[in-house]
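Enquirer: For the sequence shown, the working numbering assigns the number 726 to the initial residue and increments by one for each residue that follows.
No lab work stands behind these hints: they were computed from the structure. Any given hint could turn out to be false.
[Claimed, not checked] With a straight-line cut-off of 30 Å between C-alpha atoms, the simulated BS3-like cross-links for lysine-lysine are: (1) 802 - 754; (2) 901 - 930; (3) 931 - 901; (4) 931 - 802; (5) 764 - 802; (6) 754 - 764; (7) 764 - 808; (8) 754 - 901; (9) 808 - 754.
[What the hints assert, rightly or not] Label-pair restraints from in silico Cβ distances: (10) 898 - 751: 34 to 42 Å; (11) 755 - 911: 36 to 44 Å; (12) 910 - 762: 24 to 32 Å; (13) 748 - 901: 36 to 44 Å; (14) 773 - 810: 17 to 25 Å; (15) 781 - 742: 22 to 30 Å; (16) 919 - 753: 39 to 47 Å.
Where is the CB? At the ideal position from N, CA and C, for every residue including glycine.
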Amino acid sequence: MIVGAGGFGREVYAWVMQTPEFVEQHDIKQIAFVDNNLKATEGYGEYPSVIGGVEEFQPGRDDVLLCAVGNPFIRQKLVETLKARGGRFVTFVHRSAIIGLHNVLGEGSIVCPNSVLTVNITVGQFVILNVGSLLGHDVQIGDFVTLSPHCDLTGGVHVGSFCQFGTGVRVIPGIKIAEDVKVGAGSVVIRNVEARTAVFGFPAKKIPRRS
Numbered sequence: 726m727i728v729g730a731g732g733f734g735r736e737v738y739a740w741v742m743q744t745p746e747f748v749e750q751h752d753i754k755q756i757a758f759v760d761n762n763l764k765a766t767e768g769y770g771e772y773p774s775v776i777g778g779v780e781e782f783q784p785g786r787d788d789v790l791l792c793a794v795g796n797p798f799i800r801q802k803l804v805e806t807l808k809a810r811g812g813r814f815v816t817f818v819h820r821s822a823i824i825g826l827h828n829v830l831g832e833g834s835i836v837c838p839n840s841v842l843t844v845n846i847t848v849g850q851f852v853i854l855n856v857g858s859l860l861g862h863d864v865q866i867g868d869f870v871t872l873s874p875h876c877d878l879t880g881g882v883h884v885g886s887f888c889q890f891g892t893g894v895r896v897i898p899g900i901k902i903a904e905d906v907k908v909g910a911g912s913v914v915i916r917n918v919e920a921r922t923a924v925f926g927f928p929a930k931k932i933p934r935r936s
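Given the sequences, and given the hints that come with them, work out the whole structure.
Expert: Rendered as structure tokens:
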């Protein structure tokens, strides 16, 4: 089951279908979406049906779940709701991703195509590493973090939980980004960033947060 049938959910479906070893490993016989918008996939071509909303969905004993919702806080709420009903989340790694040595991937995380994780990296639970994410040696990422496509976290970078990075963010080695930070698309982070802030630019500077 894919929780979330929006744009990212449709992408995750495509990538699961491209990764038969994942389907075989988890003995997946059928894929469906769970989303409160029952018409979420209409008009986009052939996709699995949306079988119902989160509130009424009861995970089956053999179901495995992926949460394909970009917002970290909404993702956390959905995960907690479904785990309380016995939902079993798994980690997905696209077959084109390069995974080096001595890396740890947390429960429910999604590693998208052409991502690279080098060595001695720790990725928390329910993290999204979107297309082309690059993680250098000794990077540490907390829980419920979202990296948009083509982010580059160089060696020794630490990222706190619930952070959101826009497309093409670059972070120089050794930088520490605290929890719940939003980094705007294309930014280059060259200084540590304090919790619950937003930064943007080249170099990245603090800006007002919208939420």
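Enquirer: Take the hints in turn and mark each one as holding or not.
Expert: Hints and how they fare:
no., hint, verdict
1, 802 - 754, "holds (27 Å)"
2, 901 - 930, "holds (14 Å)"
3, 931 - 901, "holds (15 Å)"
4, 931 - 802, "holds (28 Å)"
5, 764 - 802, "holds (22 Å)"
6, 754 - 764, "holds (23 Å)"
7, 764 - 808, "holds (25 Å)"
8, 754 - 901, "violated (42 Å)"
9, 808 - 754, "holds (21 Å)"
10, 898 - 751: 34 to 42 Å, "holds (36 Å)"
11, 755 - 911: 36 to 44 Å, "holds (40 Å)"
12, 910 - 762: 24 to 32 Å, "holds (26 Å)"
13, 748 - 901: 36 to 44 Å, "holds (38 Å)"
14, 773 - 810: 17 to 25 Å, "holds (21 Å)"
15, 781 - 742: 22 to 30 Å, "holds (26 Å)"
16, 919 - 753: 39 to 47 Å, "holds (42 Å)"
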